[in-house]
Amino acid sequence: MNTTNSIGLDNQKSQALVSALNTLLSSYQIQYMNARGFHWNIKGRNFFELHLKFEEIYNLLLLKVDEIAERILTIEGKPLHAFSDYLENSKIAEAKNISDGADALNNLLSGYKTLIAMQRAILEQASDAQDEGTAALMSDYIKEQEKLVWMLKAYLN
Numbered sequence: 003m004n005t006t007n008s009i010g011l012d013n014q015k016s017q018a019l020v021s022a023l024n025t026l027l028s029s030y031q032i033q034y035m036n037a038r039g040f041h042w043n044i045k046g047r048n049f050f051e052l053h054l055k056f057e058e059i060y061n062l063l064l065l066k067v068d069e070i071a072e073r074i075l076t077i078e079g080k081p082l083h084a085f086s087d088y089l090e091n092s093k094i095a096e097a098k099n100i101s102d103g104a105d106a107l108n109n110l111l112s113g114y115k116t117l118i119a120m121q122r123a124i125l126e127q128a129s130d131a132q133d134e135g136t137a138a139l140m141s142d143y144i145k146e147q148e149k150l151v152w153m154l155k156a157y158l159n
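If you use my numbering, the sequence shown corresponds to residues 3 to 159, in order.
Just so you know, these hints were derived from the structure itself, not from any lab. Bear in mind that the values here come from a model prediction, so they are computed numbers and not experimental data. Using N, Cα and C, we set each Cβ at its ideal position, and we do this for glycine too. Errors might be hidden in some of the hints.
[Unchecked claim] Here are the simulated lysine to aspartate or glutamate pairs, DMTMM-like style, with alpha carbons at most 25 Å apart:
1. LYS149 x ASP87
2. LYS80 x GLU148
3. LYS149 x ASP102
4. LYS93 x ASP142
5. LYS80 x GLU57
6. LYS115 x ASP12
7. LYS93 x GLU126
8. LYS115 x ASP102
9. LYS45 x ASP105
[Unchecked claim] Label pairs and their in silico Cβ distance ranges:
10. LYS45 x GLN14: 46 to 52 Å
11. MET153 x SER8: 26 to 32 Å
12. GLN14 x ASP105: 41 to 47 Å
13. GLU57 x GLY135: 26 to 32 Å
14. ASN159 x SER86: 34 to 40 Å
15. LEU158 x ASN13: 21 to 27 Å
16. THR76 x ALA104: 38 to 44 Å
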């Protein structure tokens, strides 16, 4: 019986990573939709700069959604693709009717805190599975998002 997949990773460990990555994918989809809603609904003195910033953020999130889904496929899993699955599996709650800049930024910061924690756990899990591709992806995301969190917090203060 073959215990490794076509890229040489342990099947059992890869399937555990698929599960974790699908939860991450779901959380990214909700963070993306939250950022998109903030972009559409922002009001107030900082409208112009926040409208642009939220667009930048949701575009970054959308790229990662695609990369995570493709990584799941690469390790021979099946990415979730129904919004009902995203809502059920996400560790981030959907945000509704937020038009205040500070509230929107605090919501995004909370979401990023969740994403970073999830990515650290997946990084450790991927390292244990000798899955360098997933580990590298998580490492890149963590580095980028830690800087974004710092900048968003600096903006709020």
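Verification of the hints:
Distance check on the hinted pair: LYS149 and ASP87 sit about 30 Å apart at the alpha-carbon level, beyond 25 Å; violated. At roughly 29 Å between alpha-carbon atoms, LYS80 and GLU148 are farther apart than 25 Å, so this suggested pair is violated. For a cut-off of 25 Å, the pair hint linking LYS149 to ASP102 stands: about 23 Å separates their Cα positions. Of the pairs offered as hints, the one joining LYS93 and ASP142 holds, with about 20 Å between alpha carbons and a cut-off of 25 Å not exceeded.
Straight-line distance between C-alpha atoms of LYS80 and GLU57 comes to about 29 Å, which puts the hinted pair past the 25 Å bound. With a C-alpha separation of about 30 Å, the suggested pair LYS115 and ASP12 falls outside the 25 Å cut-off, and the hint is violated. With a CA separation close to 18 Å, the supplied pair LYS93 and GLU126 stays within the 25 Å bound. For the hint linking LYS115 to ASP102, the alpha-carbon distance of about 20 Å falls within 25 Å, and the restraint holds.
As the CA atoms of LYS45 and ASP105 are separated by approximately 11 Å, the hinted pair is consistent with the 25 Å bound. Against the hinted window of 46 to 52 Å, the Cβ-Cβ separation of LYS45 and GLN14 comes to about 50 Å, which satisfies the hint. Restraint check, MET153 to SER8: a C-beta distance of roughly 40 Å breaks the suggested window 26 to 32 Å. In this structure the supplied range 41 to 47 Å holds for GLN14 paired with ASP105, their Cβ-Cβ distance being about 43 Å.
The supplied range of 26 to 32 Å is met by GLU57 and GLY135, whose beta-carbon atoms lie about 29 Å from each other. A hinted range of 34 to 40 Å for the beta carbons of ASN159 and SER86 is consistent with their spacing of about 38 Å. For LEU158 and ASN13, the hinted distance range of 21 to 27 Å is not satisfied, since their beta carbons lie about 45 Å from each other. A beta carbon spacing of about 39 Å between THR76 and ALA104 agrees with the range 38 to 44 Å that was offered as a hint.
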